[in-house]
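> Residue strings, one per chain:
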Amino acid sequence: MKKKVLLMGKSGSGKTSMRSIIFANYIARDTTRLGATIDVEHSHVRFLGNLVLNLWDCGGQESFMNQYFTQQRDNIFRNVEVLIYVFDVESQEMERDVHYYQSCLEALLQNSPEAKIFCLVHKMDLLAEEQRENIFKERAGDLIRLSMPGSVTCFRTSIWDETLYKAWSSIVTMLIPNVAALENSLTHFANVIDADEVLLFEKATFLVISHCRSKKNRDSHRFEKVSNIIKQFKLSCSKLGAKFQSMEVRNNAFAAFIDTFTSNTYVLVVMSDPTLPSEATLVNIRNARKFFEELENPNNIAMNHHNHKYH
Amino acid sequence: MSYEDEDYPVDSFPKDFGYGAYDQDGLELEPNASSNSETKPRILLMGLRRSGKSSIQKVVFHKMSPNETLFLESTSKIVKDDINNSSFVQFQIWDFPGQIDFIEPTFDSDMIFGGCGALVFVIDAKDDYNEALTKFKNTVIKAYKVNPRIKFEVFIHKVDGISDDSKMESQRDIHQRSSDDLSEAGLDQIHLSFHLTSIYDHSIFEAFSKVVQKLIPQLPTLENLLNIFIPNSGIEKAFLFDVVSKIYIATDSSPVDMQAYELCCDMIDMVIDLSSIYSSEETAFDSGSSSLIKLNNNTILYMREVNKFLALVCILREENFNRQGVIDYNFICFRDAISEVFELRLKRQKQLENAEQDEDELGEDQGITIGRLNHENDTAVVSRAAKMT
Chain A
0 MKKKVLLMGK
10 SGSGKTSMRS
20 IIFANYIARD
30 TTRLGATIDV
40 EHSHVRFLGN
50 LVLNLWDCGG
60 QESFMNQYFT
70 QQRDNIFRNV
80 EVLIYVFDVE
90 SQEMERDVHY
100 YQSCLEALLQ
110 NSPEAKIFCL
120 VHKMDLLAEE
130 QRENIFKERA
140 GDLIRLSMPG
150 SVTCFRTSIW
160 DETLYKAWSS
170 IVTMLIPNVA
180 ALENSLTHFA
190 NVIDADEVLL
200 FEKATFLVIS
210 HCRSKKNRDS
220 HRFEKVSNII
230 KQFKLSCSKL
240 GAKFQSMEVR
250 NNAFAAFIDT
260 FTSNTYVLVV
270 MSDPTLPSEA
280 TLVNIRNARK
290 FFEELENPNN
300 IAMNHHNHKY
310 H
Chain B
0 MSYEDEDYPV
10 DSFPKDFGYG
20 AYDQDGLELE
30 PNASSNSETK
40 PRILLMGLRR
50 SGKSSIQKVV
60 FHKMSPNETL
70 FLESTSKIVK
80 DDINNSSFVQ
90 FQIWDFPGQI
100 DFIEPTFDSD
110 MIFGGCGALV
120 FVIDAKDDYN
130 EALTKFKNTV
140 IKAYKVNPRI
150 KFEVFIHKVD
160 GISDDSKMES
170 QRDIHQRSSD
180 DLSEAGLDQI
190 HLSFHLTSIY
200 DHSIFEAFSK
210 VVQKLIPQLP
220 TLENLLNIFI
230 PNSGIEKAFL
240 FDVVSKIYIA
250 TDSSPVDMQA
260 YELCCDMIDM
270 VIDLSSIYSS
280 EETAFDSGSS
290 SLIKLNNNTI
300 LYMREVNKFL
310 ALVCILREEN
320 FNRQGVIDYN
330 FICFRDAISE
340 VFELRLKRQK
350 QLENAEQDED
360 ELGEDQGITI
370 GRLNHENDTA
380 VVSRAAKMT
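Those protein sequence lines, which keep their order, are chains A and B. No gaps in the numbering here: position 24 of the first sequence is 23 in numbering that gives the first Met the number 0, and each next residue is one more. No gaps in the numbering here: position 44 of the second sequence is 43 in numbering that gives the first Met the number 0, and each next residue is one more.
Hint data in this document are derived by calculation from the structure and do not stem from the laboratory. Hints may be right or wrong, so weigh each one.
Sample of chain A residues at the chain B side, in silico, Cβ under 8 Å [stated by the list, open to error]: (1) Gln-101; (2) Val-225; (3) Val-248; (4) Asn-251; (5) Ala-252.
Keep in mind the model is a prediction, meaning the values are calculated, not measured. Note that beta-carbon positions come from the ideal geometry of N, C-alpha and C, so glycine has one too.
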């Protein structure tokens, strides 16, 4: 199942940087080496077995932009599932940004009226910490008003912290067809093994695609933080030409297990009973693999009798 | 199992699992007023304005990411930071604004240089370093007069993005000129060490590790213990880490592979970050802390808590981990031995303090005592360590 995703925004707003970090394992610092995107760069990202993101990274220089709205209009805006529009929060020419954004909306309305629209207010790290919340609220309010009558979801992002993972996780989760079934099964799995929290990560990007929790955690941003932490560690391993297969981290209060799960996912299981031997949890994870593998495979969605499979 | 002083709170890490707030009161303290300060290596960080000291401090001790240091404001007055809450190592950081002079009464050089083990002087490699070298010469001369046992370390800093050739060139140049300066002043006997550092990679941690290791009188014993622990447990390489700063205070005698060290650093980061999320920041590193990572190249990373400040990170082949029981047993022997080493030091310290011996004598005496007593520990471990066959 191919889903076309348009990534647009003014030149230098950070589209290619964020794409490289999420999908191509760049570390934030290395993105300074990226040059300007010429015309449109296409990339296919396999995201879970059956879902392929067809990412159109559209260079944002004026001449390209004008072409997108004229000669290439049909080509670009047809069959779009998602538009991600990136705004540089420190942009000096908001009016021009808004003009292009509205042209995009108009073109979408004609060619792909069903497309979902996301706005990323990017480079938030350039603002002082205490201003970020207010400025973002203001911008998001403006954008929602400008997008009327369509609806839009706004995120604040920066490549230097976990906000980028939050935005992309949310966007990608909306594209997964059987996300509800996945979440149900995950909850059931967590109950059976008595876990505090279970997270499902996409293998390549480490975006959280599904989660469930039974215990309240004080940190509401933890999913994207965990994504970020693990992805960083994965990159450290790759410097040595290695990949990690599994991890266990524990102290007196908790034990966390990260393990390869299905062919496209990693799973994180958090237990708060440290007396339980690690092997017990690992066996449970191993046993659940087969079921989730089936769930992921679209030809074989066995939703009704899944409750009996992994006891 | 603790070697920290009783009158020092030992239960938990401070709020941010970093080093506490700036302790300005520390200025009034005599360097050896509390035995606590004496049991830890003390390091002084000096350098010109904008040489990168604050950034080093933030990155190494407060876990700031290197890119964020760009926004640090220049330190405007003489600032003394004491960071000694949760680390095995005690650091003091002194900023030298240009006009500060040693003649100035606020600068009590006896107090400052008297109690410290090493002086780290930071020089910005990307800047014109003439002024820095002058300042360095004056500082060395003054410090040497007060405390001839002090170790002088030069960090040639901000070398990221500089080619290897020009790195070596500036190191050679700085080395040459500072040695010339010192011999002009008739101080040929002073030994200077040079390190090329950057906050954007692990070189700053590596450099600090080397500096700190020179200041630990127990180092040979710790290395010895590791050398006994490792082959008996089928481990290839092990680092004893100061958890907060990720400085390694000892490793076994096999050569250090920088990449392996970096991976171990990143492992500690990962473990602490994850633990802060799922327990709490204050208790992220506790007596139950451990971690096990399997890599796809048949390698295992295994981390265990040693004491409140220290963790052991081991690298081993996957097949050798089959006998985890043996490794864990040997680890416990190793951990006990380490705490004995530090307890002895503390005991000896207290005796000496009670006897009110003068400072010079105190230093040398300890070295000998620890050396002798440690041999007993070594044999204890040998006899107790289980062997993998």
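> Would the hint on A:Val-248 stand, with a C-beta cut-off of 8 Å toward chain B?
Holds, because the Cβ-Cβ distance from A:Val-248 to chain B comes to roughly 5 Å (cut-off 8 Å).
> Is the hint on A:Gln-101 kept, meaning its closest Cβ partner in chain B is under 8 Å away?
violated (34 Å)
> Taking the least C-beta to C-beta distance, is A:Asn-251 closer than 8 Å to chain B?
holds (4 Å)
> Are A:Ala-252 and chain B close enough, Cβ to Cβ, to be under 8 Å, as the hint says?
This hint holds: A:Ala-252 lies near chain B, its Cβ roughly 4 Å from the closest one there, short of 8 Å.
> For the hint on A:Val-225, just tell me whether its beta-carbon gets within less than 8 Å of chain B.
Result: holds, 7 Å to nearest chain B Cβ.
Hint compliance for this structure: hint 1 is the single one not met.
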